[in-house]
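*Asks:* Here are the chains, one letter per residue:
There are 2 protein chains.
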Amino acid sequence: MKIVVLKFGGTSVGSIKKILKVTKIISGYIKKRYKVIVVSSAMSGETNKLAKLTKKISSNFISSEYDAIVATGEQIACSLIAGGLSDKGYLSRSWQAWQIPIITRGDHSHSRIININKKNILRFLKKGGIPVIAGFQGINSENRITTIGRGGSDASAIMLAKFFKAKKCIIYTDVDGVYTTDPNVSKKAKKIKQISYEEMLEMSSLGAKVMQPHSIQDARLNRIDIEVRSSFSNNNGSLITKRKNISNRNIIRGVSFTKYDSKITLIGVKDRPGVAAAIFAPLYKNSINVDMVVQNISSNKRETDLTFTVKNEDLLKTEKIIKKNKNIIFKKIIVDEKVSKVSIVGVGMITTPGVTFRMFNALAKKNINIIVISTSEIKISVLIDRKNLNKAVDVLHKEFKLDN
Amino acid sequence: MKIVVLKFGGTSVGSIKKILKVTKIISGYIKKRYKVIVVSSAMSGETNKLAKLTKKISSNFISSEYDAIVATGEQIACSLIAGGLSDKGYLSRSWQAWQIPIITRGDHSHSRIININKKNILRFLKKGGIPVIAGFQGINSENRITTIGRGGSDASAIMLAKFFKAKKCIIYTDVDGVYTTDPNVSKKAKKIKQISYEEMLEMSSLGAKVMQPHSIQDARLNRIDIEVRSSFSNNNGSLITKRKNISNRNIIRGVSFTKYDSKITLIGVKDRPGVAAAIFAPLYKNSINVDMVVQNISSNKRETDLTFTVKNEDLLKTEKIIKKNKNIIFKKIIVDEKVSKVSIVGVGMITTPGVTFRMFNALAKKNINIIVISTSEIKISVLIDRKNLNKAVDVLHKEFKLDN
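Top to bottom, those sequences are chains A and B. So for the first sequence, the numbering used here puts the first residue at 1; every next one is plus one. So for the second sequence, the numbering used here puts the first residue at 405; every next one is plus one.
The shape of chain A in the complex, shown without the other chains (with noise of 0.2 Å):
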């Protein structure tokens, strides 16, 4: 069987008049021979809503209760395809998780898929019909509806289209595509044929509008080609896949960046095994997400200087929790809530000299200063001074060839 996963986000079913056009593109597929799984969010806004009414309850809303009720978003999406569907004369039913079933494991609103049973949905394929899935949801061993954290339905699409060895896993979404940078930034910015799931995943500032990286990660080992387009408009998309299946070479694929970070430095920080630690882990038990960490040698042996980098709506919390912090001994903070990070991101740059010194060049030529640097294999990213953003991504995105 040529199947083909087909994952439509909340944009894509966002009103009856989206969720008529979904019934078309789907159509498509069918003309075309495929079996189709429709993998379905729930209509835009809905699962914010339905948390709302949840804290209204309470701020402590318990969780199993959350899920049960966040994943009627789901269901109403995917019986609402499945009847737009049969009205124009296909088989077509919805599937809750429940109804597969779809085996969780994990706690409540993060949960992962562990097992997915294909009995039912495959009858169903042979049969000519067009199952309609509820993503972002599982049962878990105790019957109880779960959601899964990281992801949401789009590793629900990824999961199903591996059990069901797809061909491909289609994700509808309201971009056409991943762009070289972000179009809004810069006018130069060109949709990216294909991208290896390795620099998607760095590239996931930008990408994390298209696709969250735990999805692309599942994607990755399960070696599952993902094509990323709008459910919009009629253009090609952008095809996530191995390495080895892309054919353009260029050094870098792209461009990225996060606007709205913030640099804590700590001066003066007294020096001892595990010092770092006793910084961090508050933050991390708060959910904080730390990002570059210089540590400077001081030239008082005992002392050091640590900075690092927030985003921005974490940087009030961060300061209360370093302030409060009673395991570290340092003279001063300081805080530059103007910074920003960009990054430019290509497998080629692994085989390719020079790279970090053309990018530094580049920025250096446009008097743009860098405040902190921090390298991954396929990924250099410079922290500057949120002034410069827009200049040093389209200095960069000529630089390497990406606007042409």
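Careful, some of the hints might be misleading.
[Said to hold, decoys possible] Here chain B is said to cover these stretches of chain A; the calculated rule only asks that three of the stretch's residues, wherever they fall, bring their Cβ under 8 Å from a Cβ of chain B:
| id | segment |
| --- | --- |
| 1 | 14–28 |
| 2 | 61–75 |
| 3 | 94–104 |
[As the list claims (entries may be wrong)] Computed spacing ranges between beta-carbons, pair by pair:
| id | chain 1 | residue 1 | chain 2 | residue 2 | range |
| --- | --- | --- | --- | --- | --- |
| 4 | A | 89 | B | 716 | 47 to 55 Å |
| 5 | B | 640 | A | 107 | 43 to 51 Å |
| 6 | B | 453 | A | 249 | 23 to 31 Å |
| 7 | A | 114 | B | 715 | 32 to 40 Å |
[Unchecked claim] Subject to a maximum C-alpha distance of 20 Å in a straight line, what follows is the list of computed SDA-like cross-link-like pairs (lysine to any residue):
| id | chain 1 | residue 1 | chain 2 | residue 2 |
| --- | --- | --- | --- | --- |
| 8 | A | 162 | A | 212 |
| 9 | A | 191 | A | 229 |
| 10 | A | 18 | A | 176 |
| 11 | B | 460 | A | 11 |
| 12 | B | 422 | A | 50 |
| 13 | A | 119 | B | 449 |
| 14 | B | 572 | B | 586 |
| 15 | B | 735 | B | 678 |
| 16 | A | 17 | B | 547 |
| 17 | B | 522 | A | 176 |
| 18 | A | 331 | A | 271 |
| 19 | A | 365 | A | 390 |
| 20 | B | 460 | A | 15 |
| 21 | A | 52 | B | 419 |
| 22 | B | 459 | A | 14 |
| 23 | B | 453 | A | 119 |
| 24 | A | 119 | B | 548 |
| 25 | A | 52 | B | 449 |
| 26 | B | 425 | A | 59 |
| 27 | B | 453 | A | 143 |
| 28 | A | 56 | B | 424 |
The set of hints was computed from the structure by calculation and includes no laboratory data. The beta carbon of each residue, even a glycine, is placed where N, CA and C say it ideally should be.
Based on these hints, arrange chain B on the given structure of chain A.
*Replies:* Relative to chain A, chain B alone:
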């Protein structure tokens, strides 16, 4: 176990504030050492909102998906209640029909409950838990979500009371009981402390606002006492019970009415065997409820005059069907859309002669003309001009000592 079933209607859970009130009501029964089974409807307005979505997809939306969609309303309300109770420190959880399961038979959207698996709920009750069960829904033999056509969540509550041998089923709604007549029409309306199932069934034109006739019938068959009361006040409600439990010996229990009726008279209908069926069958097929029917023997033996009533909202459709009907021949159709039906209801009339006379006499004294009469064992109904409705209700309410 002293089990009580508490059912909350849509208005009782119509907002977060009201849901928090509901958790207080529930905790009151727990403090009185009851084992409580909670059944909830969807938050008011939700079911209609969901139904509208399906109509936008198709005027003929497939009923299996319709059921899956509207069932989410109860799912959300139950989880909010269970979450609220958990937040107060009670052991509580929501149960959807598939988790119990509640097994139904019959077509989608018109299913009936045929079995309830008691095992898990009983175990939970014994642990001191408060199960909050989604009303209105079940699953069929194919593991698909169904909804209960007639009676909705009330029917779920009655069936739960039956299967769990509950002491009582308490229906919390937005009115605080059953009245001798509509309080909006007559200031003399009094709350009825006790009413028999049979009387309540006949009062259904009033009682429809309180409970669906189908659920009252279920309660009657299973001898389950129902208390109807308001979730917004602490007033005592009305008890619907067996005849012999009732102490109040008033001949007449109440005066009910339907305000917006239409009378249709077919003059000179060619009379032959089966002519009534020929007239009414197509109306029945179009879900038009024909109420009072009178056939006058005409002087011409081959012809007859036929009068019947329908609800005003069905009048145009009825006329259309009658005029298109090729299986009947008649001379003329006369329509009066300004009539109302007034009824007196009471088991006492079986053993009390002269009730009919007293009714007609009381109306005659007020110059109220009776157009059509129909009677049952415990009810007498008369059709009158709508302009006389309030006057008729008042005079009958007084005549049968309901004013006191």
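*Asks:* Next step is simple, just say for each hint if it's right about the structure.
*Replies:* Verification of the supplied hints:
{"no.": "1", "hint": "14–28", "verdict": "holds (count 3)"}
{"no.": "2", "hint": "61–75", "verdict": "holds (count 9)"}
{"no.": "3", "hint": "94–104", "verdict": "holds (count 4)"}
{"no.": "4", "hint": "A:89 <-> B:716: 47 to 55 Å", "verdict": "violated (38 Å)"}
{"no.": "5", "hint": "B:640 <-> A:107: 43 to 51 Å", "verdict": "holds (45 Å)"}
{"no.": "6", "hint": "B:453 <-> A:249: 23 to 31 Å", "verdict": "violated (54 Å)"}
{"no.": "7", "hint": "A:114 <-> B:715: 32 to 40 Å", "verdict": "violated (55 Å)"}
{"no.": "8", "hint": "A:162 <-> A:212", "verdict": "holds (17 Å)"}
{"no.": "9", "hint": "A:191 <-> A:229", "verdict": "holds (11 Å)"}
{"no.": "10", "hint": "A:18 <-> A:176", "verdict": "holds (16 Å)"}
{"no.": "11", "hint": "B:460 <-> A:11", "verdict": "holds (18 Å)"}
{"no.": "12", "hint": "B:422 <-> A:50", "verdict": "holds (17 Å)"}
{"no.": "13", "hint": "A:119 <-> B:449", "verdict": "violated (38 Å)"}
{"no.": "14", "hint": "B:572 <-> B:586", "verdict": "violated (26 Å)"}
{"no.": "15", "hint": "B:735 <-> B:678", "verdict": "holds (18 Å)"}
{"no.": "16", "hint": "A:17 <-> B:547", "verdict": "violated (30 Å)"}
{"no.": "17", "hint": "B:522 <-> A:176", "verdict": "violated (51 Å)"}
{"no.": "18", "hint": "A:331 <-> A:271", "verdict": "holds (12 Å)"}
{"no.": "19", "hint": "A:365 <-> A:390", "verdict": "holds (15 Å)"}
{"no.": "20", "hint": "B:460 <-> A:15", "verdict": "holds (10 Å)"}
{"no.": "21", "hint": "A:52 <-> B:419", "verdict": "holds (12 Å)"}
{"no.": "22", "hint": "B:459 <-> A:14", "verdict": "holds (16 Å)"}
{"no.": "23", "hint": "B:453 <-> A:119", "verdict": "violated (35 Å)"}
{"no.": "24", "hint": "A:119 <-> B:548", "verdict": "holds (16 Å)"}
{"no.": "25", "hint": "A:52 <-> B:449", "verdict": "holds (18 Å)"}
{"no.": "26", "hint": "B:425 <-> A:59", "verdict": "holds (18 Å)"}
{"no.": "27", "hint": "B:453 <-> A:143", "verdict": "violated (29 Å)"}
{"no.": "28", "hint": "A:56 <-> B:424", "verdict": "holds (10 Å)"}
Checked against the numbered hints given earlier, the structure breaks hints 4, 6, 7, 13, 14, 16, 17, 23, 27 and satisfies all the rest.
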